[in-house]
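2 protein chains.
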Amino acid sequence: MKRIALSLVAAAIVAGVAASTPRASGHTDEKIAPIVGITIPDGYRDWKLISVAHEAGDLNDIRSILGNDVAIKAYREEKLPFPDGTIIARLAWKYVPSEENNKVFGREQSFVAGSPTNVQFMVKDSKRYPATGGWGFAQFTNGKPLNEAEPKTCFSCHKPAKARDFIFTHYAP
Amino acid sequence: MKRIALSLVAAAIVAGVAASTPRASGHTDEKIAPIVGITIPDGYRDWKLISVAHEAGDLNDIRSILGNDVAIKAYREEKLPFPDGTIIARLAWKYVPSEENNKVFGREQSFVAGSPTNVQFMVKDSKRYPATGGWGFAQFTNGKPLNEAEPKTCFSCHKPAKARDFIFTHYAP
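Sequence lines, in order, name chains A and B.
One point on numbering: in our numbering, the residue at position 80 of the first sequence is 113, and numbering is uninterrupted.
One point on numbering: in our numbering, the residue at position 82 of the second sequence is 115, and numbering is uninterrupted.
Errors might be hidden in some of the hints.
A pair counts as met if it fits within one copy or between any two copies, since identical chains are not told apart.
[Unchecked claim] Below are the SDA-like pairs computed for lysine to any residue, each with C-alpha atoms no more than 25 Å apart in a straight line:
id: 1; residue 1: Lys177; residue 2: Pro74
id: 2; residue 1: Lys81; residue 2: Asp102
id: 3; residue 1: Lys192; residue 2: Leu113
id: 4; residue 1: Lys136; residue 2: Leu113
id: 5; residue 1: Lys112; residue 2: Tyr77
id: 6; residue 1: Lys106; residue 2: Gly76
id: 7; residue 1: Lys185; residue 2: Glu110
id: 8; residue 1: Lys81; residue 2: Asn175
id: 9; residue 1: Lys106; residue 2: Gly176
id: 10; residue 1: Lys127; residue 2: Phe138
id: 11; residue 1: Lys136; residue 2: Arg197
id: 12; residue 1: Lys136; residue 2: Pro193
Hints were generated in silico from the structure; no laboratory data involved.
Isolated chain A (complex conformation) (with noise of 0.2 Å):
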């Protein structure tokens, strides 16, 4: 989950590339673009916390894995593969220190979430998704969704995960 957004980059480069592809004439090809289809869920922003992380880097981001009831479920029940219907949602904002908060500390420690960055989602469906471990996977940013070329860019970071059904993200009790 944590890598798409750097598999994203690569996927934006490309972008230009996809716009080329038999898709864009009409041809469809799951394999390639497994996007297709994913909209944003409904009250994801309501979703049970999965864990947190930073990415420093290029990404400098602060962000929170949430995950819809059956993601929820199959991580507290260690259960894999999670099943269909799974969705697991990674939201990011800009990683900045607050002036606010260190001034109460008396130190430059603290580091909160700014500005939102983009929302990706993983949705489980292991028959629409057969070429990416069944995952499908989106990004949308201010609610407009990335090309379609990355799904397959995701997957491709995702697969040092396998034994974990590609998802890195780890339950944080």
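For this one, chain A is given, so just place chain B on it according to the hints.
Just chain B now, with coordinates in the frame of chain A:
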């Protein structure tokens, strides 16, 4: 909210002093120890997300701030002061690098939630906690509450956020 933990370091230091106050002899003084009666709220781990943060320095944790339904409603409606019944939970975990994630990114950039440190609560009850802005404070480590000296110290650090009803955390959209 974020600096309760810092204040608790001081609170822990003065714990021995607190033990010799009238409280220890059976005298009830809610101004000093509003923690009395605060237990871990049922189902708090399922509450909705307010925001996330990273406290470096001695704390060195990554945290999520969750709210019960009263809290979330007030945040989203930008309603101040928070109404009685509001409970805000601060969960924190050790801030640890993720070797697994870094391998995928190809650089040292990923920090995730390690083992849990402690859980803190702010409970709004203006009648019960008039001396501390209407807020009761509590901290639990492995389910056990910290000593009763802490709330006054917690409140002292929260005073700079008086304009936002003593809550530092902003809602992360």
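**Request:** Please work out whether the CA atoms of lysine 106 and glycine 176 approach to 25 Å or closer within one copy, between two copies, in both situations, or in neither?
**Result:** between (27 Å within a copy, 22 Å between copies)
**Asked** From the Cα coordinates, with 25 Å as the cut-off, is the pair lysine 136 and arginine 197 best called within, between, both, or neither?
**Response** Cα proximity of lysine 136 and arginine 197: across copies only (16 Å, versus 42 Å in one copy).
**Message:** For lysine 185 and glutamate 110, with the copy left unspecified, which applies at a CA distance of at most 25 Å: within, between, both, or neither?
**Reply:** neither (29 Å within a copy, 40 Å between copies)
**Prompt:** Checking lysine 127 and phenylalanine 138: alpha-carbon separation at most 25 Å within a copy, between copies, both or neither?
**Reply:** both (21 Å within a copy, 18 Å between copies)
**Item:** Same-copy or cross-copy closeness of lysine 177 to proline 74 [CA-CA at most 25 Å]
**Value:** within (13 Å within a copy, 38 Å between copies)
**Request:** Go through the copies and call it for lysine 112 and tyrosine 77: within, between, both or neither, with a Cα cutoff of 25 Å.
**Result:** Classified as both; 21 Å inside a copy, 22 Å across copies.
**Asked** Are the CA atoms of lysine 192 and leucine 113 at most 25 Å apart within a copy, between copies, both, or neither?
**Response** Within one copy only: 15 Å inside a chain, 47 Å across chains, cut-off 25 Å.
**Prompt:** Between lysine 136 and leucine 113, at a C-alpha cutoff of 25 Å, which is it: within one copy, between copies, both, or neither?
**Reply:** Answer is between; shortest inter-copy Cα gap is 23 Å, intra-copy 45 Å.
**Message:** When Cα atoms must be at most 25 Å apart, do lysine 81 and aspartate 102 count as within-copy, between-copy, both, or neither?
**Reply:** both (8 Å within a copy, 13 Å between copies)
**Message:** Please sort lysine 136 with proline 193 into within, between, both or neither, judging by C-alpha distance up to 25 Å.
**Reply:** So lysine 136 and proline 193 pass the 25 Å test across copies only (9 Å; inside, 42 Å).
**Request:** Give the relationship of lysine 81 and asparagine 175 under a CA distance limit of 25 Å: within one copy only, between copies only, both, or neither.
**Result:** both (22 Å within a copy, 21 Å between copies)
**Asked** Using 25 Å as the alpha-carbon threshold, which applies to lysine 106 and glycine 76: within, between, both, or neither?
**Response** both (17 Å within a copy, 14 Å between copies)
In summary, the structure is inconsistent with hint 7 from the numbered list given earlier, while agreeing with all the others.
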